[in-house]
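The whole structure should be built from the sequences, with the hints applied where relevant.
Chains as they are written, first to last, in UniProt numbering: chain A, 1 to 362; chain B, 1 to 362; chain C, 1 to 362; chain D, 1 to 362.
Do not take every clue at face value.
Because identical chains cannot be distinguished in the list, a pair is counted as satisfied if it fits within a single copy or across any two copies.
In silico SDA-like links for lysine to any residue, alpha-carbon gap of 20 Å or less [to be verified]: (1) 189 <-> 165; (2) 6 <-> 30; (3) 189 <-> 133; (4) 6 <-> 327; (5) 22 <-> 302; (6) 22 <-> 149; (7) 22 <-> 134.
Think of the hints as simulated: they come from the structure by calculation, not from any bench.
Protein chains: 4
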Amino acid sequence: MIIQFKKPLDQEILTDILASLKQAHHHGVLVENHLVVFDTDTFDFTERQKSAIARLESKQPRYVLSSRAFKPNDTIVKTPHNQIGGHNLTLMAGPCSVENEEMIHRVAAAVKAAGASVLRGGAFKPRTSPYDFQGLGVEGLTYLREAADENGLDVITEVMSVEEIDAVGQYTDIFQIGARNMQNYELLKAVGRTHQPVALKRGLSATIDELLNAAEYIASQGNFNIMLVERGIRSFDGTYTRNVLDVGAVPVLHQLTHFPVIIDPSHATGHADLVTPLAAAGVAAGAQGLLVEVHENPAQALSDAAQQLTPAQFAKLATRAQKIHELDGAIAEEKKAIVKAAVSEDNHESHHSATNPDENHD
Amino acid sequence: MIIQFKKPLDQEILTDILASLKQAHHHGVLVENHLVVFDTDTFDFTERQKSAIARLESKQPRYVLSSRAFKPNDTIVKTPHNQIGGHNLTLMAGPCSVENEEMIHRVAAAVKAAGASVLRGGAFKPRTSPYDFQGLGVEGLTYLREAADENGLDVITEVMSVEEIDAVGQYTDIFQIGARNMQNYELLKAVGRTHQPVALKRGLSATIDELLNAAEYIASQGNFNIMLVERGIRSFDGTYTRNVLDVGAVPVLHQLTHFPVIIDPSHATGHADLVTPLAAAGVAAGAQGLLVEVHENPAQALSDAAQQLTPAQFAKLATRAQKIHELDGAIAEEKKAIVKAAVSEDNHESHHSATNPDENHD
Amino acid sequence: MIIQFKKPLDQEILTDILASLKQAHHHGVLVENHLVVFDTDTFDFTERQKSAIARLESKQPRYVLSSRAFKPNDTIVKTPHNQIGGHNLTLMAGPCSVENEEMIHRVAAAVKAAGASVLRGGAFKPRTSPYDFQGLGVEGLTYLREAADENGLDVITEVMSVEEIDAVGQYTDIFQIGARNMQNYELLKAVGRTHQPVALKRGLSATIDELLNAAEYIASQGNFNIMLVERGIRSFDGTYTRNVLDVGAVPVLHQLTHFPVIIDPSHATGHADLVTPLAAAGVAAGAQGLLVEVHENPAQALSDAAQQLTPAQFAKLATRAQKIHELDGAIAEEKKAIVKAAVSEDNHESHHSATNPDENHD
Amino acid sequence: MIIQFKKPLDQEILTDILASLKQAHHHGVLVENHLVVFDTDTFDFTERQKSAIARLESKQPRYVLSSRAFKPNDTIVKTPHNQIGGHNLTLMAGPCSVENEEMIHRVAAAVKAAGASVLRGGAFKPRTSPYDFQGLGVEGLTYLREAADENGLDVITEVMSVEEIDAVGQYTDIFQIGARNMQNYELLKAVGRTHQPVALKRGLSATIDELLNAAEYIASQGNFNIMLVERGIRSFDGTYTRNVLDVGAVPVLHQLTHFPVIIDPSHATGHADLVTPLAAAGVAAGAQGLLVEVHENPAQALSDAAQQLTPAQFAKLATRAQKIHELDGAIAEEKKAIVKAAVSEDNHESHHSATNPDENHD
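See below:
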């Protein structure tokens, strides 16, 4: 059961309610003016207690803050140069790794020209083997930041551990949490505490519910600036694609959560010549952003050589993605219809006026 | 090694070559004017033998007749009302099962109005449990045929066993082979012998190579009228979708094979509200057809109640799919580029003039 | 709901009950003195109707004849030389394919000496590619039969299509249904009609419920001589093993069904040096039989070269499997405990006296 | 290529070799007296350089320190009360979570009596939802330590983040790295630096190579006190078991690595009545330890209620596991045979005398 209190919160009644619930051995979590109670769907409140309650949702949630029930409207994640989510399509592009200063400047200019508004690039790289190239570290971050600033782009880059958050946070606009760290709960809580935008990648065999619970760890620290990234799941046939892009996850997530959904077609396929068709598929399914690996000379790349696009290939991808997205007045309408099916109108209203996490957390 | 002989075939030299190969303990298969030799990449031919050979391909094939190496150009499967494949988008729609005479007539009219040109409907139904509704059988086939004829549509329906092929073949334009029968080799060979169009569904955990080898069983009987259907693969998370649509299979198949690729978004998702986004994704990735379940009153359907669209929902899907497809002058170009990467131009030329399975097998 | 009638069946009351159910639009299947009703858990019977009913099980069954609820005691499949199931451990061994007359005689003698009592060998081979060796056909069957008879062994061999059943049935004691045909429903029904023993292999990505429903297709034709074969399932890592042996399926199946469970460690792993540890694991988990590929000279085999054992390796495997099995007074006890947890004692009693499919269907 | 230097290391020649390799643009990693060079299989050494080299292994390694090529003999992980690995079978048991002081003392006494020599118990719990019980933390660790000491047991407990390592390390003998953290590389390196025993759980969809590379991250910090835990992998059928125990991973790992292999049948199945058969299967396949959840009153457990055994059930499991293990003089022999196939005898000899990571790292 989710109890939504009237604002401003009456602390005295709240304390009274918490005491009543505790006495009945119920377990609850307070998030702003919402009290989430996990082990019951009903409670016999006194009249005085009821007077402080705006709304009661009786469904038992699998996750709370990430759900459409909690926040029916799309979350828009605001960065210096972008509003990610809703009806926008945000293109994020750049090399797998920042390899040196010159290359990242040239790639930044090229992806900007092609329509990207976020620059990606790895400085701390998670590698399966400890002997593989692990990235340039802070040096790479400075190059990445300068290249982005020079071209009016936001930065997205991966953070791999709690210790690195401060350092990485100085240079990036968006923290990327990698697929292997999707359930690294200490890291999730730590980026949650920063209140900075986070792009959370789905784990290789993570269910949709596990992905949304991972987002919940971030949101439970008061950080709603979350976008979810589908980057391919592990399957039985690795002959022609590295992973299988679960394009169905896009409309499923739109039904369940208000957070923006981004597609990473580069890691989903692992082959440059498959990236554009899958990017197109992702946008057609309703994705609100693309995260694409672009390199000046993919064959010479220090990592992910097979899957990076040239700037020219990315420019074509961007054009095609934009065209499909523009068709989708249709998509936007349909998505709204999907959401309406899950959320009742009045709920919409009361909720919107009472708590808007976008406003509260910027 | 694939040996392509000049036409007309010089039977005497052919016999000589076969004898030479046999003497060297090599194993070969003759398909029209192609001899596929599986256990060697080279052979020391005499000058006289060489004089009958148009071209030699030295790569060891995983499959032959299904490959772009064997036939670089797209196969177009011709039916009374359609040319399936190439740059065309063919919409196939209708109920999971033919439930009675009236319903199939009404659905046929509705899907025709919405843009479909093939009517689907199950008469012999493969069901997990022997106690579930197994279809109306031949009675259902007659209704299906009449409803299609009345509306100028082709028929596609499943055939489940060798014994049923004659009966089903009298009523249908396209045999559907279900996912569970993808490696029922006797059935594949038997529909191969009919030379009628076949829609081969990918098995629930079939690899791409297994799918193409299953097509090879059909083609090895001289039947090139094959289309391949991606209908979702089995994965680890069945909470929100029945299967995972492997949209990446579309461009992968376009690289490897000349056969048309169809998407079945209904079985891929199992939920009506996800069918349209996944149909759009499939078309954006380059699919040349859609196979969609449509029912007048899905909630009352005798099978697959959750995943069938209403005629109105299908009409919207059709409009959106067509729009995305029309954008794809871009797709067509790109697909050509993909194919070119795999096939050299001269190969293209010589091959095209020498053997065109479309012409030979109609 | 499963209605168990008193014996002898009162045909008049039965007709009356069927009419009442039909009038209420319920759908039922009569199996011996059991009426399985799929669409309701309760029914308002008249007193006269109740007088003919021995027992009512209100749970909605996913499958009926295959379930412990229908038959609490283990099924023992009787063949000329074996009683498969219950507390017995049956070793089945032989080459992947019968390659010629001499080899199968020598292998038969060797596996007999090592403790096997069933001879396996493929004569009709399902192969992924139509160009691979497809087996010797009927010629292979005659060699297999002679080699088995000479050594006092039963024969198990695969049947791939309805048309082959008569021919194969003349030579074999046990029909093997391959993993690719697990949901070839026409084939299942056809071997069901023979009433001969059938070894049903689990499909590459078949769920336990799908496997049991496939068995149900066979049993629904009155054939209870079924054994279930776990042979590895498809998974995400094919680097070191061809498939993943789902050893947990053994105790799960013992809870759900009365049919014997056999392990095929050869196809599960694909590598000879892993076959023995997995055979041991299967027996330790409670498997009632092993199906193992053995070849005189594995490196020269025409198919499955990598996974066949030499006769000497098989002899070691057999010794170890027998020792683990003998330990398992413990297993037998525990299995009984598992079954008891699922089946109530009185059910046990009444059921046992009323219907014993072993007796009825031999 | 792996270069093994004679001992004591001639620093001057080493410097010279490193310079030569660098000049030729090769990339190497020095581990004790081994230099691992990743990008070439051969090198043209001078005579003087050769004089310092004891042995050259030319195979390109996927991982080094974890491989049998690097260390042919089994690693024995020594703890105060155990020698884990080799021919020993170590039983580790205890509750999912330490819930209070009394319960852990009673469970410790019970599992000790049944044959366990390591006490497990979660104090910091990784939970899918941030709102689930997260463990007692340091308070739980103190109870766990006291209960173990009172009964002469070692402690194993999970560490979830770099920050917790010092605190957890004061109380535990073995760090457990959970499946979700298998590729949390910062955590792996940090436990590597402690040189304390680590039980590394395989990720839900981690390949064998990924598991061994994760171990490599720990070993690369000089910590060889590693055991690998197979705890079930994610698959397509979650109806009857939570995961699928990949029992084939046991002999595969014995071929590839010298580290001990432990089976966790509790998480593999998720159901108490399946734990014992799978524990037996794991031991029969050659596992050197079992990690089993045991609770006084499973139905009342704060987490994992369905899968914990009672002490009485665990006692039976322990007896059966020991019996199967004792049979396995056979197993031990066979494992030796497997290892021999991968490692040449002389390699064995020279290696053993030159570097024994067990001796160096205790």
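Tested hints:
1. Both within a single protomer and between protomers do residue 189 and residue 165 lie at most 20 Å apart by alpha-carbon distance, with minima of 11 Å and 18 Å respectively.
2. For the homomeric pair residue 6 and residue 30, the shortest alpha-carbon distance inside one copy (14 Å) is at most 20 Å, but the shortest distance between copies (60 Å) is not.
3. Proximity of residue 189 to residue 133 under the C-alpha cut-off of 20 Å is restricted to the inter-copy arrangement: shortest distance 16 Å between copies versus 28 Å within a copy.
4. For the identical chains of this complex, residue 6 and residue 327 are neighbours neither inside a copy (41 Å) nor across copies (50 Å), given an alpha-carbon limit of 20 Å.
5. For a Cα distance limit of 20 Å, the shortest separation of residue 22 from residue 302 across copies, 17 Å, qualifies, whereas the shortest one inside one copy, 57 Å, does not.
6. For a Cα distance limit of 20 Å, the shortest separation of residue 22 from residue 149 qualifies neither inside one copy, at 52 Å, nor across copies, at 36 Å.
7. In the homo-oligomer, the alpha carbons of residue 22 and residue 134 lie at most 20 Å apart only across protomers (18 Å), although the nearest pairing inside one protomer, at 49 Å, exceeds that limit.
Comparing the model with each earlier hint shows violations of hints 4, 6; every other hint is respected.
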